[in-house]
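I would like the entire structure built from these sequences, with the hints used as guidance.
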Amino acid sequence: ELGLPDLPIHVDEYGFTDTTGVWTDSLKNAAGVLVAMIQSGDLPDLFIHPWCTYHNPKLQMSFTQYITLEDGAIVPTPNGHAMRALALQKQSRLAVAGKIPYNTAVLATGDNSGVAILATNASGHPLPVEIAVGSLPAGDKVVTQYLVDRVHNNLLTGPQTRSLLITERKPLAPDRVQLSAVLDDYAFALWLIEPA
Numbered sequence: 086e087l088g089l090p091d092l093p094i095h096v097d098e099y100g101f102t103d104t105t106g107v108w109t110d111s112l113k114n115a116a117g118v119l120v121a122m123i124q125s126g127d128l129p130d131l132f133i134h135p136w137c138t139y140h141n142p143k144l145q146m147s148f149t150q151y152i153t154l155e156d157g158a159i160v161p162t163p164n165g166h167a168m169r170a171l172a173l174q175k176q177s178r179l180a181v182a183g184k185i186p187y188n189t190a191v192l193a194t195g196d197n198s199g200v201a202i203l204a205t206n207a208s209g210h211p212l213p214v215e216i217a218v219g220s221l222p223a224g225d226k227v228v229t230q231y232l233v234d235r236v237h238n239n240l241l242t243g244p245q246t247r248s249l250l251i252t253e254r255k256p257l258a259p260d261r262v263q264l265s266a267v268l269d270d271y272a273f274a275l276w277l278i279e280p281a
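Numbering (the working numbering), first residue to last: 86 to 281.
Treat the hints as calculated values from the structure; they're not laboratory data. From the three backbone atoms N, C-alpha and C, an ideal C-beta is built for every residue, glycine too. Treat the hints with caution; some may be incorrect.
Computed spacing ranges between beta-carbons, pair by pair [what the hints assert, rightly or not]:
no. : residue 1 : residue 2 : range
1   : His210    : Val160    : 16 to 22 angstroms
2   : Ile94     : Ser265    : 32 to 38 angstroms
3   : Arg235    : Thr104    : 20 to 26 angstroms
4   : Tyr187    : Thr105    : 20 to 26 angstroms
5   : Asp130    : Glu253    : 33 to 39 angstroms
So, in structure tokens, the structure goes:
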């Protein structure tokens, strides 16, 4: 209609928040960037590139994925954990069905090594999450949860952590798994379901 060429679209320097030095904005941005990246996965030839990997936190704490601690260690912010959660996805995208409110998203992926489910909430309100995963292969499984919110895996507002830490791990046997959590107004959780 507009005579534009049929080419991929790359959205560069994407962010969900304003550019701020406010530490709590890192989690808000991370949850929102995940929503956009998951939703854009349904659109062929649209690629979102979040801003930024490493930047002066006094200027852009809302966006930076890593900061340097006083001892020289470079550690992830919630934005860095969001990118790690995407990196832990499996090979193939799986279908997701259900009620998914505005500014929230769920990504499910799977391969021979298991299933990964990532739920993110950027709605500004706490969100109860109930996820049923069916048609899993028989055999014992382990479900590992990584929660990122104000308290967990957030060195900016919670206990200092240097990597994405497990918040819960439990064995399961059935071929259908029920996952649940309450995600804070800006939070996300990754579950990995893998053979025991």
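Hints violated by the structure (listed by number, smallest first): 1
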